[in-house]
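As they're listed, the protein sequences go chains F and C. Position 106, counted from 1, in the first sequence is what the working numbering calls 106; the numbers after and before it change by one each time, with no gaps. One gets the working numbering by counting positions in the second sequence from 1 and adding 1000 to each.
Careful, some of the hints might be misleading.
To be clear about the criterion: a stretch of chain F counts as covered by chain C if any three or more of its residues have a C-beta under 8 Å from a C-beta of chain C, and this derived list gives those stretches [what the hints assert, rightly or not]:
| hint | region |
| --- | --- |
| 1 | 2 to 14 |
| 2 | 72 to 81 |
| 3 | 88 to 97 |
Take a look, some chain C residues computed to stay more than 12 Å from chain F by CB distance [said to hold, decoys possible]:
| hint | residue |
| --- | --- |
| 4 | V1012 |
| 5 | N1014 |
| 6 | G1046 |
| 7 | L1091 |
| 8 | S1113 |
| 9 | K1123 |
| 10 | A1148 |
| 11 | R1168 |
| 12 | S1169 |
| 13 | R1181 |
| 14 | G1195 |
| 15 | S1199 |
| 16 | R1215 |
None of these hints come from the bench; they were simulated from the model. Here a beta-carbon is modelled for each residue, glycine too, at the ideal position from N, C-alpha and C.
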Amino acid sequence: MSFLAITRATLAKDVRLEWRSKDAINSMLFFALLVVVIFSFSFDPTAEESRRIAGGLIWVAFLFAAVVALNQTWARELRNQVLDAYRVSPAPANPLFLAKAFGNFIFVGVLEAVMTPLFIAFYKLRALGPAWELAPIAALGTWALVVNGTFFAAMSLRTRSREIMLPLLLFPLSIPALLGMVNATTAVLTGEESARFWIALLVAYDVVFTIACLLLFETVLEAE
Amino acid sequence: MVEGESTSGVVVVNELIKQFGGFAALRGVTAEFAAGKLYVILGENGAGKTTLLRTIAGLAQPTRGTISVLGVPIVKQVCSQIGYMAHPSLLYDEMSGMENLTYFAGLYGIGTSRCREVISAVKLDPDLARPVGQYSQGMRQRMSLVRALLNDPMLLLLDEPFSNVDSRSAQEMTALLAQLRDRGKTLLVVTHQPGLLESVADEFVWMEQGKIVDRTSRLRAGMP
Chain F
1 MSFLAITRAT LAKDVRLEWR SKDAINSMLF FALLVVVIFS FSFDPTAEES
51 RRIAGGLIWV AFLFAAVVAL NQTWARELRN QVLDAYRVSP APANPLFLAK
101 AFGNFIFVGV LEAVMTPLFI AFYKLRALGP AWELAPIAAL GTWALVVNGT
151 FFAAMSLRTR SREIMLPLLL FPLSIPALLG MVNATTAVLT GEESARFWIA
201 LLVAYDVVFT IACLLLFETV LEAE
Chain C
1001 MVEGESTSGV VVVNELIKQF GGFAALRGVT AEFAAGKLYV ILGENGAGKT
1051 TLLRTIAGLA QPTRGTISVL GVPIVKQVCS QIGYMAHPSL LYDEMSGMEN
1101 LTYFAGLYGI GTSRCREVIS AVKLDPDLAR PVGQYSQGMR QRMSLVRALL
1151 NDPMLLLLDE PFSNVDSRSA QEMTALLAQL RDRGKTLLVV THQPGLLESV
1201 ADEFVWMEQG KIVDRTSRLR AGMP
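Just chain F, same shape as in the assembly:
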């Protein structure tokens, strides 16, 4: 079976498992919804202020919510030690990593699709810059979160307090990506500057960390 076929089969399996259990999606949605509601009660910004802070609020909410999905990704492989069945097979390690990362990308993407209209409604947002740029910012930002998150979730798999370990490893390393996402989103919403630099930063971040994760994942998978 080819690299691509194993990736596709593993991704289909993960989507099927999530569709049946809805563990990750439900937890993420509730968490993100809580963040939106709590923030909206905490302060009542004007439309101008909203544009300046919404980028930060929305991405921090997605980052925290994504951690829930990232922990679930590998937790289901630990039940019944199913991961061992993959490890004893001749399938290479990287299709598993890519399938998990793509799966998380889809789950977080669904979260963003549901939550973004709510953010827009609660904070009365309207983009003054080129709104189409929000699409690549969302895609690149989400990939930045899930590629490292999937990797570090696998790394913390065998640690006792993995729910704590994942954010400890992930958040510091996500700061450059978070800066890119927040500043690019703010630039589009306020229309005061171009988001191109921040988008380029996100592209570079995604390329570097995707390659690094692919190079190191087999070692992480085989570690005891």
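Position chain C against the provided structure of chain F, taking the given hints into account.
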């Protein structure tokens, strides 16, 4: 064959030591397991039986010593020739038996016709459309055996295959294991019910405190 004796084995283990922190699970195991034989590995809890199987399967790396499987020192290179059944089922509870088998068969590049062939050989007659989580423990064990046999392995490593299996199913499984042995497969079976395999086993291997202390062709008093 006694410990240390040299013949051309399918599995050759030399001075194998496996430590987990300060605890040595295997303390210098040297053994050879020949082709076309069924070995029953016995010993009390904590004797190192499961660790020995996991190390041979490539799931645990030796701290010291060497392992050669089918003449190759790197287990991953011959993993398509190994079937591994662990104490946990290594199956996804939320997916049906057939969905599980189709996924794992895909990792070996095997089609669904082989899944049906092995299901029939194990005489598994459940409603395979049901999720594995709804199977009885005995059915899960048999489904787990089906998964281990999918790739028609030359070497079969079975950890507690009879636990929670009813006596009739256990007899059917024993007959199947004997057939596999007669077809030239090598089987290493860890069990606490050696009586079930007494009529078909070629050798009983007794482990104590991380070492092989006895090998005999007959089940003797003192063995469980």
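Structure-based check of all given hints:
For the region 2 to 14 of chain F, the stated coverage by chain C holds: 5 residues have a C-beta nearer than 8 Å to a C-beta of that chain, and at least 3 were required. For the region 72 to 81 of chain F, the proposed coverage by chain C is satisfied: 4 residues have a C-beta within less than 8 Å of a C-beta in that chain, meeting the threshold of three. With a cut-off of 8 Å between beta carbons, the region 88 to 97 of chain F has 4 residues touching chain C; three or more are needed, and the interface restraint holds. Distance check for V1012/C against chain F: the nearest CB is about 19 Å away, which clears 12 Å, and the non-interface claim stands.
The Cβ of N1014/C lies farther than 12 Å from every Cβ of chain F, with a closest approach of about 21 Å, so its non-interface assignment holds. Annotated as non-interface, G1046/C keeps its C-beta farther than 12 Å from every C-beta of chain F; the closest such distance is 18 Å. Some Cβ of chain F comes within 12 Å of the Cβ of L1091/C; the nearest lies about 6 Å off, and the non-interface call is violated. A cut-off of 12 Å between C-beta atoms confirms that S1113/C is not in contact with chain F; the least separation is 15 Å.
Even its closest Cβ contact with chain F, about 22 Å, leaves K1123/C beyond 12 Å, as expected for a residue assigned away from the interface. With a least CB separation of 9 Å from chain F, A1148/C falls inside the 12 Å interface cut-off, contrary to its annotation. Even its closest Cβ contact with chain F, about 25 Å, leaves R1168/C beyond 12 Å, as expected for a residue assigned away from the interface. Even its closest Cβ contact with chain F, about 20 Å, leaves S1169/C beyond 12 Å, as expected for a residue assigned away from the interface.
Separation of R1181/C from chain F is adequate, the least Cβ-Cβ distance of about 21 Å exceeding the 12 Å criterion. A cut-off of 12 Å between C-beta atoms confirms that G1195/C is not in contact with chain F; the least separation is 27 Å. Look at S1199/C: its CB is around 29 Å from the nearest CB on chain F, clear of 12 Å, so calling it non-interface holds up. For R1215/C, the condition that its CB be more than 12 Å from all CB atoms of chain F holds, with the nearest at approximately 26 Å.
Figure legend: structure checked against the earlier numbered hints; hints not met, in rising order: 7, 10.
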